[in-house]
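Listed below are the residues making up each chain.
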Amino acid sequence: QQPVQSPQAVILREGEDAVINCSSSKALYSVHWYRQKHGEAPVFLMILLKGGEQKGHDKISASFNEKKQQSSLYLTASQLSYSGTYFCGTAIYGQNFVFGPGTRLSVLP
Amino acid sequence: EAQVTQNPRYLITVTGKKLTVTCSQNMNHEYMSWYRQDPGLGLRQIYYSMNVEVTDKGDVPEGYKVSRKEKRNFPLILESPSPNQTSLYFCASSLNALAGGEQFFGPGTRLTVL
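Heads up: the protein sequence lines correspond to chains W and L, in order. The first sequence maps to residues 743 to 851 in my numbering. The second sequence maps to residues 503 to 616 in my numbering.
Hints in this document: simulated from the structure, not taken from any laboratory. Nothing here was measured: the structure is a model prediction, and the numbers come from that model. Misleading hints may appear alongside valid ones.
Straight-line Cα separation of at most 30 Å, DSBU-like style, residue types lysine-lysine; simulated pairs [claimed, not checked]:
1. L:Lys567 x W:Lys810
2. L:Lys559 x W:Lys768
3. W:Lys810 x W:Lys768
4. L:Lys520 x L:Lys567
5. L:Lys520 x W:Lys792
6. W:Lys810 x L:Lys520
7. L:Lys520 x L:Lys573
8. W:Lys792 x L:Lys519
9. L:Lys573 x L:Lys559
10. W:Lys809 x L:Lys520
Here are some chain L residues the structure puts well away from chain W; computed CB gaps all over 10 Å [what the hints assert, rightly or not]:
11. Ile514
12. Val554
13. Gly565
14. Lys573
All C-beta atoms, glycine included, are put in the ideal place defined by N, C-alpha and C.
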């Protein structure tokens, strides 16, 4: 029931790109992406809706493949501030919300 | 300032001693939710509320109670805490239908049950 994320962790140098994947065994109607820095609360990044509409962050992009029940988050030209744990999540069974286990991203100078 | 507040931020208690963690939002949001976060397990939803007097179970509701008597407040009640409820707890709110709305999270409450 919980979405699956990959990779579990990734280490980058500043300026490099990263892709974080999220997949579900259940039909996805929307996918949310959040970032959580150490010791802080999660912060909303992006939401992707069935049908292609996307709302969110202007420096990070994402895709949503409804047929494959997958979403990917693209971080280009990583900055130090991108470090943190990224979670995908989705609403199922009405308004019950489920997060994936998270992907830890570390950006080094 | 638009925000979600939680109190207390840190709490150490003993098994069986009833406690309440408060959550309040000033954004007139309809949807509110409680999550617990444990290492390796991510964020798991405990309870959520679509509006006043409307609450429902999330994935891990056992041992918890909630109420939504006012739109702005959504307290989490642990009537008989146990050590396995030691965790980091987050309250969150969203404007309305979750599919189209971002969730705003409170700062978190770190609970230790001895």
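_Restraint status (C-alpha distance of Lys520 (chain L) to Lys573 (chain L) at most 30 Å)_ = holds (24 Å)
*Beyond 10 Å from each Cβ of chain W, as asserted for Lys573 (chain L)*: holds (16 Å)
*Compare the distance between the alpha carbons of Lys810 (chain W) and Lys520 (chain L) with 30 Å, and conclude whether the hinted pair is satisfied.*
violated (45 Å)
*Distal placement of Ile514 (chain L) relative to chain W, Cβ over 10 Å*: Given that every Cβ of chain W is farther than 10 Å from that of Ile514 (chain L), nearest at about 18 Å, it holds.
*asked:* Just to be careful, I want the Cα atoms of Lys810 (chain W) and Lys768 (chain W) compared with a cutoff of 30 Å; is the pair within it?
replied: OK: Lys810 (chain W) and Lys768 (chain W) at ~10 Å, within 30 Å.
*Between Lys520 (chain L) and Lys567 (chain L), is the straight-line Cα distance small enough, at 30 Å or below?*
holds (11 Å)
*Taking only the CA atoms, is the gap from Lys520 (chain L) to Lys792 (chain W) under or equal to 30 Å?*
violated (43 Å)
*Can the restraint linking Lys559 (chain L) and Lys768 (chain W) be considered satisfied, given a maximum Cα separation of 30 Å?*
Roughly 19 Å between the alpha carbons, so the hint for Lys559 (chain L) and Lys768 (chain W) holds.
_Assertion that Val554 (chain L) lies outside the chain W interface [Cβ separation over 10 Å]_ = holds (15 Å)
*With a cut-off of 30 Å on the C-alpha distance, tell me whether Lys573 (chain L) and Lys559 (chain L) pass.*
Measuring from Cα to Cα gives roughly 18 Å; hence the hint holds.
*Going straight from one Cα to the other, do Lys792 (chain W) and Lys519 (chain L) come out at no more than 30 Å?*
Given pair Lys792 (chain W), Lys519 (chain L) is violated - Cα atoms ~45 Å apart, limit 30 Å.
*If you draw a straight line from the CA of Lys567 (chain L) to the CA of Lys810 (chain W), is it 30 Å or shorter?*
violated (37 Å)
Checked against the numbered hints listed earlier, the structure breaks hints 1, 5, 6, 8 and 10; every other hint is satisfied.
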